[in-house]
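J.: Keeping the supplied structure of chain A fixed, place chain B upon it in accordance with the hints.
So the chains spell out like this:
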Amino acid sequence: MMSLGFVWLDENFQAHHSEPGDPTLLQWIKATIDHLFGFEPLVVAGILTSLIIVPPMLSLVLFLSLRIGRRSSKFRQDSTE
Amino acid sequence: MNKIFYGWFVLVAGFFILFVSAGARNGLGFFVVPMTEEFEWSRKTISMAFGIGWFANAITQPFIGRLHDRFGGRIVISISVLIIGISSVLLTFTNSLWFLIIIYGIIMSIASGGASLVTIHAVLARWFHRRRGMAISLATAGASAGSLIIAPFTAYVILLLGWRITWGVLGAMILAVGLPMALMVIRNNPSETGDSPDGDPHPEDNTPSLSSKSNFSGHSVSDSWTDALRSPQIWQLTGAYFVCGITTAIISFHYVPFALDQGFSIATAGLAFGLMNGLNLVGVLSTGFLSDKMSRKSLLASVYAVRALAFVMLILAPSIIGLWSFAIIAGLSWAASAHLTSSITADIYGLKTMGTIVGFATLAHQMGGAISIYLAGLLYDIYGSYDVPFFISATLLIAASVASYLITNPKLPKQPYTQPVKAKLGTGM
Numbered sequence: 078m079m080s081l082g083f084v085w086l087d088e089n090f091q092a093h094h095s096e097p098g099d100p101t102l103l104q105w106i107k108a109t110i111d112h113l114f115g116f117e118p119l120v121v122a123g124i125l126t127s128l129i130i131v132p133p134m135l136s137l138v139l140f141l142s143l144r145i146g147r148r149s150s151k152f153r154q155d156s157t158e
Numbered sequence: 038m039n040k041i042f043y044g045w046f047v048l049v050a051g052f053f054i055l056f057v058s059a060g061a062r063n064g065l066g067f068f069v070v071p072m073t074e075e076f077e078w079s080r081k082t083i084s085m086a087f088g089i090g091w092f093a094n095a096i097t098q099p100f101i102g103r104l105h106d107r108f109g110g111r112i113v114i115s116i117s118v119l120i121i122g123i124s125s126v127l128l129t130f131t132n133s134l135w136f137l138i139i140i141y142g143i144i145m146s147i148a149s150g151g152a153s154l155v156t157i158h159a160v161l162a163r164w165f166h167r168r169r170g171m172a173i174s175l176a177t178a179g180a181s182a183g184s185l186i187i188a189p190f191t192a193y194v195i196l197l198l199g200w201r202i203t204w205g206v207l208g209a210m211i212l213a214v215g216l217p218m219a220l221m222v223i224r225n226n227p228s229e230t231g232d233s234p235d236g237d238p239h240p241e242d243n244t245p246s247l248s249s250k251s252n253f254s255g256h257s258v259s260d261s262w263t264d265a266l267r268s269p270q271i272w273q274l275t276g277a278y279f280v281c282g283i284t285t286a287i288i289s290f291h292y293v294p295f296a297l298d299q300g301f302s303i304a305t306a307g308l309a310f311g312l313m314n315g316l317n318l319v320g321v322l323s324t325g326f327l328s329d330k331m332s333r334k335s336l337l338a339s340v341y342a343v344r345a346l347a348f349v350m351l352i353l354a355p356s357i358i359g360l361w362s363f364a365i366i367a368g369l370s371w372a373a374s375a376h377l378t379s380s381i382t383a384d385i386y387g388l389k390t391m392g393t394i395v396g397f398a399t400l401a402h403q404m405g406g407a408i409s410i411y412l413a414g415l416l417y418d419i420y421g422s423y424d425v426p427f428f429i430s431a432t433l434l435i436a437a438s439v440a441s442y443l444i445t446n447p448k449l450p451k452q453p454y455t456q457p458v459k460a461k462l463g464t465g466m
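Residue numbers (our numbering), protein chains in the order written: chain A, 78 to 158; chain B, 38 to 466.
Bound conformation, chain B alone:
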């Protein structure tokens, strides 16, 4: 029987870890109403707890990425999944705002960064070289699928069994699915199973040491993440990803109220939002496969340009056409930027500091999201419509598209990826 490349198992594990962890996190909004009703908190109060979570998650992303680069993905992801699962179960016992802030806002939110796109992408980038775009996009699809399936599941179980049991169910799911996947399947790099990236045969005459730069090949391999900060590409990528955060948060938080403002029913708004989530999967997978066959920077630029077009449609097209065309166009481009940003980072800076650099970009993304949620609401209050925030979004997306296109030479390294041969043969499959 032919040996199955172990990287496929790592990919499946990454998919399901993101499926449960991102899925559970994206159903968070459904807890707001039942929890505020039980404790008689104001919406602002509970929003503060969740907002602290958003910031804690954002600010710690580069540090989590650094932990990944130093200790490897397996340990960081496993501990993070364990903490997320236990925290979810503990939230069953929420009895005060401080309990919620400490368990969700701080502990669970920080741990979420360790079982996120940042760490999973960084692990997969080591396992896949020629097919890096496809592999990273497939794992990203796990997060999209989790949001699509687990968020409505969360809503359903809250109405059926109450919010306390729902936290427990989500925690149990994370522990039952994510923890064994992380502990038993994830391996930090192919050398641990005697493999080469993509399952390619070992180069016969090449047995470099683990510290060799060739093991972390990229266009301009960085020994230190601070070196990367001195290059323009990181700022182009991070700036564009900041805009990505702004525009996806506007979609997430303001699309449904926009639809309701236009006079659509909650069912229509929900269906359009659901369609957008479904097409999100299509966009991630198709751009992932394309990204191994064409220039990734051009693809990233196209993704931002397409999303800009979606916002233009929302402003210019009559309401019903605008609503559905936005759902289709924005859905296709919604999450495609995440895996492309990670892949381009790996291509340019190599793998040694990839976790930290992607964590830095993710920090910008999350900050952009937090700022835009507030600003879009403020601009709505001032102008009485979403035209201004949507116009700003479209303009920023065009700028992000140009910045991405101008990234210099983010090609896949032409030399074959080389890997240390620590022949633990038999551990792979």
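Chain A extracted, bound-state conformation:
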């Protein structure tokens, strides 16, 4: 199956579709993002990275703080008993 796949893909995989990551499309995406934010490219990259990283990190912090809070309250409960 795999060897058949190799031959088949090598010859025909991209028979007719857009160039993956078409340079024009790439440039258009970059221009659109630059236009949306209106900052220097490196600043925009930083903002985009933050948009991706910050929500999950905040969720993780919330999770950990709730867990620590719960454990400490349970510890206090056990101590008083």
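Quick caveat, the hints were computed from the structure, so don't treat them as lab data. Take the hints with a grain of salt, since some may be wrong.
Some chain B residues judged to face chain A by a derived CB distance under 10 angstroms, without partners named [stated by the list, open to error]:
hint: 1; residue: ALA50
hint: 2; residue: VAL57
hint: 3; residue: GLY60
hint: 4; residue: LEU196
hint: 5; residue: ILE303
hint: 6; residue: ILE357
hint: 7; residue: ILE358
Quick look at which bits of chain B chain A covers, simulated, 3 or more residues with Cβ under 8 angstroms [stated by the list, open to error]:
hint: 8; region: 182 to 190
hint: 9; region: 197 to 208
hint: 10; region: 216 to 230
Here the structure is a predicted model, which is why all the values come from computation and not from measurement. Virtual Cβ for every residue (Gly too), placed ideally from N, Cα, C.
T.: Only chain B this time, still in chain A's reference frame:
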């Protein structure tokens, strides 16, 4: 303070794991041009490496699902995320085609199956019973949101900093977000935190063992995935999901060139494609909420029927109307089939072998995608337009819709889901 049901944290973790892993994988196409230019490879050569990745990912899905069923989601997802992250970072050092084939085509692609819809859905199906459709769809939305946000981010960073640094950035993101989520938050089932599915109170007089079938409740619980293969429902679901793979791959690979062929600018094509991706989220979430309130098989049949309508619009409607109506209609139905297929699988076959069975269906989905990319291109070359592949897609989708509708009795089990009480109280929230 009321205890927060731990399943919500598992759901959030599943969302973000899919967000980074699927998002990074869907930006792959943007690496093709810069990498081929640097190494002077042909497009066919680099396509072969990525094609091997597609096949490796597809073929190993049932085995990954089996690993999930045997060892649990936490360990499989954690190891997979670790491998995906390290592989992405290693791709920074790509110096030959073989390096790319081994690291991306084999290692990273196989690991991607372990941090995919297959494993995340199987974990969530254990945590949520009454709200299974909603929970699984929310996690699926993570993959959609990742594609929507991380794919353009990938394109942006490649142009700004080059493809090598971009691989490193993506790898770091996967390790920073996915790994702690998988290791610290994911738990295999509610008994590990002393919870019941959906956070419901424990049944007072019911403390079954872990091996009890009631813990993996479904309409026809399978002890072995081979039992499932002898029932018609799996073939109806898998056949329909095969068609889903065919039609979504055609959309992914051929929609933009179709738009360009019709004389639209790259900006219009990109905007329409972006709209489709955005509506994909709406479709996933709305069908997820609906699926807990109405028959899932009818909903799945509707999703395929709606997608068939989108292809019909593309063939029959004048170009501008066809382009945008397709973007709207197909966008709403694009990814909705994934979570519905997983939920129906859990409803029918239970949870014990769910990973393997969904992995089997995903194998069919991916194979359908690989075949259709090639065939649609071939038919375009023969007929000079996309009418024939679009017509075939619409016909197959109608067949998938009928097959889904005829699935017998995929109702939620009427008995309350029961869970072993291994009272590790205090570990939950």
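J.: To test your reading of the hints: which numbers does this structure violate?
T.: 6 and 7
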